[in-house]
Amino acid sequence: MSSISRFLTSRWGPIITGIVVGILAPVLVKLGNPGNMGVCVVCFNRDIAGALGLHRAGVVQYIRPEIIGFVLGALIAALIFREFKPRTGSAPLVRFLLGMFATFGALVFLGCPWRAYLRLAGGDWNAIFGILGLIAGIGLGIAFLRSGYSLGRSRPAPKAVGWVMPFIMLTLFALLIAAPQFGRDAGGNPIGPIFFSTTGPGSQHAPLLIALFVGVFIGFLAQRSRFCTVGAVRDAILLRDSRLLYGVLALLVAAFVTNLILGQFNPGFEKQPVAHVNGWWNFGGMALAGLAFTLAGGCPGRQLFLAGEGDADSGLFVIGMIVGAGFAHNYSMASSPAGPGAFGPSAVIAGMIVCVVLGFTMRESKG
Amino acid sequence: MNEIKTVDARGLSCPQPAMLTRQAIQKLDNGTLEVLVDSGTARENVSRLAKNAGWAVTMEEQPEGSCRIVLKK
Numbered sequence: 001m002s003s004i005s006r007f008l009t010s011r012w013g014p015i016i017t018g019i020v021v022g023i024l025a026p027v028l029v030k031l032g033n034p035g036n037m038g039v040c041v042v043c044f045n046r047d048i049a050g051a052l053g054l055h056r057a058g059v060v061q062y063i064r065p066e067i068i069g070f071v072l073g074a075l076i077a078a079l080i081f082r083e084f085k086p087r088t089g090s091a092p093l094v095r096f097l098l099g100m101f102a103t104f105g106a107l108v109f110l111g112c113p114w115r116a117y118l119r120l121a122g123g124d125w126n127a128i129f130g131i132l133g134l135i136a137g138i139g140l141g142i143a144f145l146r147s148g149y150s151l152g153r154s155r156p157a158p159k160a161v162g163w164v165m166p167f168i169m170l171t172l173f174a175l176l177i178a179a180p181q182f183g184r185d186a187g188g189n190p191i192g193p194i195f196f197s198t199t200g201p202g203s204q205h206a207p208l209l210i211a212l213f214v215g216v217f218i219g220f221l222a223q224r225s226r227f228c229t230v231g232a233v234r235d236a237i238l239l240r241d242s243r244l245l246y247g248v249l250a251l252l253v254a255a256f257v258t259n260l261i262l263g264q265f266n267p268g269f270e271k272q273p274v275a276h277v278n279g280w281w282n283f284g285g286m287a288l289a290g291l292a293f294t295l296a297g298g299c300p301g302r303q304l305f306l307a308g309e310g311d312a313d314s315g316l317f318v319i320g321m322i323v324g325a326g327f328a329h330n331y332s333m334a335s336s337p338a339g340p341g342a343f344g345p346s347a348v349i350a351g352m353i354v355c356v357v358l359g360f361t362m363r364e365s366k367g
Numbered sequence: 001m002n003e004i005k006t007v008d009a010r011g012l013s014c015p016q017p018a019m020l021t022r023q024a025i026q027k028l029d030n031g032t033l034e035v036l037v038d039s040g041t042a043r044e045n046v047s048r049l050a051k052n053a054g055w056a057v058t059m060e061e062q063p064e065g066s067c068r069i070v071l072k073k
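Chain order of the listed sequences is A and C.
Take the first sequence: its letters are residues 1 to 367, numbered as in the working numbering.
Take the second sequence: its letters are residues 1 to 73, numbered as in the working numbering.
These aren't lab readings, by the way, just hints derived from the structure by calculation.
For each residue, glycine too, the CB sits at the ideal point set by N, CA and C.
Mixed in with the good hints, there may be bad ones.
Simulated crosslink set (DSBU-like; lysine-lysine; CA at most 30 Å straight-line) [what the hints assert, rightly or not]:
| id | chain 1 | residue 1 | chain 2 | residue 2 |
| --- | --- | --- | --- | --- |
| 1 | A | 85 | A | 271 |
| 2 | C | 27 | C | 73 |
| 3 | C | 51 | C | 5 |
| 4 | A | 30 | A | 85 |
| 5 | C | 72 | C | 27 |
| 6 | A | 85 | C | 51 |
| 7 | C | 72 | C | 5 |
| 8 | C | 5 | A | 159 |
| 9 | A | 85 | C | 72 |
Here are some, though not all, of the chain A residues that point toward chain C, as calculated from beta-carbon distances under 10 Å [what the hints assert, rightly or not]:
| id | residue |
| --- | --- |
| 10 | 82 |
| 11 | 87 |
| 12 | 240 |
| 13 | 302 |
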């Protein structure tokens, strides 16, 4: 077991994780997940927000087992390798806000960094604008880091603090199992408390146990290898360290090959699944997301893995993402295949202003 | 006797532990540097960065769960 761990913490770890994600994500699409959405942390949190009734966009409501698996897989790895360290206190409220704004931006593009790479590997060229925006946002975040930006230190916390997120995930799993028991009124309208889509992307999903197992497996690998789709770009630019970048490149290649084999590679701009063709806002949305993820210390997947390790600040970032997804759909900020929502562009501009102000003002307090 | 310079990176998010170490070894050029971290990720990132820059790395686990990394060049 320890030799596996040594291997995963070596420079090969992110590459192995990237290959596994690159193969399994398109397989999940084959088994029922929406197109180019084998894994998308933001989209899946948005579906969870919908399932909990935080928004009522009827086509994107489902409790995604992959998210539950990411946290629990990381928890298992952290417990086995003695890295379960409950901690909190590094500007939690700011992290909540960053989770919200990252989600606003990602839902304007229609995908988190994971899905941006998966969309590109599926031939969706709109992702190019998203990835360029992501790199621009990360670049801005790096400028803030270089000028002394910090959310301050976390402190060790009681064990119970670290178990909150895993228990929230177990509760979501219980609700996922129980959801078919929740009914509809005489007119056939869903009355909650859990809402599942009957049409649209929310109704498309791989079999529950397979999705959960894939999530646990990826969560386990990523906790050991420190896989991060934002850190990949950040470390390459800021530290001249390409360990994580090779992981993302491995993901791209593996997903491209797997899509080819499965007949899921469809190159072009038009008629891509769960995507729109507005290049300007694909760029802008991901620039906001890239900045917010960089200011929070990692991509949305990494936040889930850290939450599994007991990092309650990352846990709060994840809750911010779920709440943010609720706002994004309630207030027409999220895009649809028709294009950006009515308030999507304003949300991106407002989010940029907030993140830039945070970038200039958040400094570690002395003493 | 020279005082050993310390970078206390405990509790800081990525990429700050590695970034602060990088700034410190660039300023120091050679000598001894002590870096305090409290996560496996920071431990790996700091030691990889230092080794790549040609520094010798030794690690000491601290009783309260953090790790003291000593860099020498």
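Residue 85 (chain A) and residue 72 (chain C): Cα distance at most 30 Å?
holds, 29 Å
Does residue 30 (chain A) pair with residue 85 (chain A) here, judged by a C-alpha cut-off of 30 Å?
Since the Cα atoms of residue 30 (chain A) and residue 85 (chain A) sit roughly 37 Å apart, the hinted pair is violated (cutoff 30 Å).
Given pair status - residue 271 (chain A), residue 85 (chain A), alpha carbons within 30 Å:
violated, 45 Å
Holds or violated: residue 87 (chain A) as interface residue toward chain C, Cβ cutoff 10 Å?
holds, 7 Å
Pairwise hint evaluation, residue 5 (chain C) against residue 51 (chain C), where the allowed Cα distance is 30 Å at most
holds, 18 Å
With chain C as the partner, please determine if residue 82 (chain A) meets the hint condition of a C-beta pair closer than 10 Å.
holds, 9 Å
Are the Cα positions of residue 72 (chain C) and residue 27 (chain C) separated by 30 Å at most?
holds, 14 Å
Satisfaction of hint between residue 73 (chain C) and residue 27 (chain C), Cα-Cα up to 30 Å
Holds. Residue 27 (chain C) to residue 73 (chain C) sits at ~13 Å (cutoff 30 Å).
Going straight from one Cα to the other, do residue 72 (chain C) and residue 5 (chain C) come out at no more than 30 Å?
OK: residue 72 (chain C) and residue 5 (chain C) at ~11 Å, within 30 Å.
For the pair supplied as a hint, residue 85 (chain A) and residue 51 (chain C), is the alpha-carbon distance within the 30 Å limit?
holds, 26 Å
Hint validity - residue 240 (chain A) Cβ closer than 10 Å to any chain C Cβ:
At about 8 Å, which falls below the 10 Å cut-off, the nearest Cβ of chain C leaves the hint on residue 240 (chain A) intact, so it holds.
Does residue 159 (chain A) lie within 30 Å of residue 5 (chain C) when you go C-alpha to C-alpha?
Violated, at roughly 33 Å.
In terms of the numbered hints stated before, the structure departs from hints 1, 4, 8, listed from lowest to highest.
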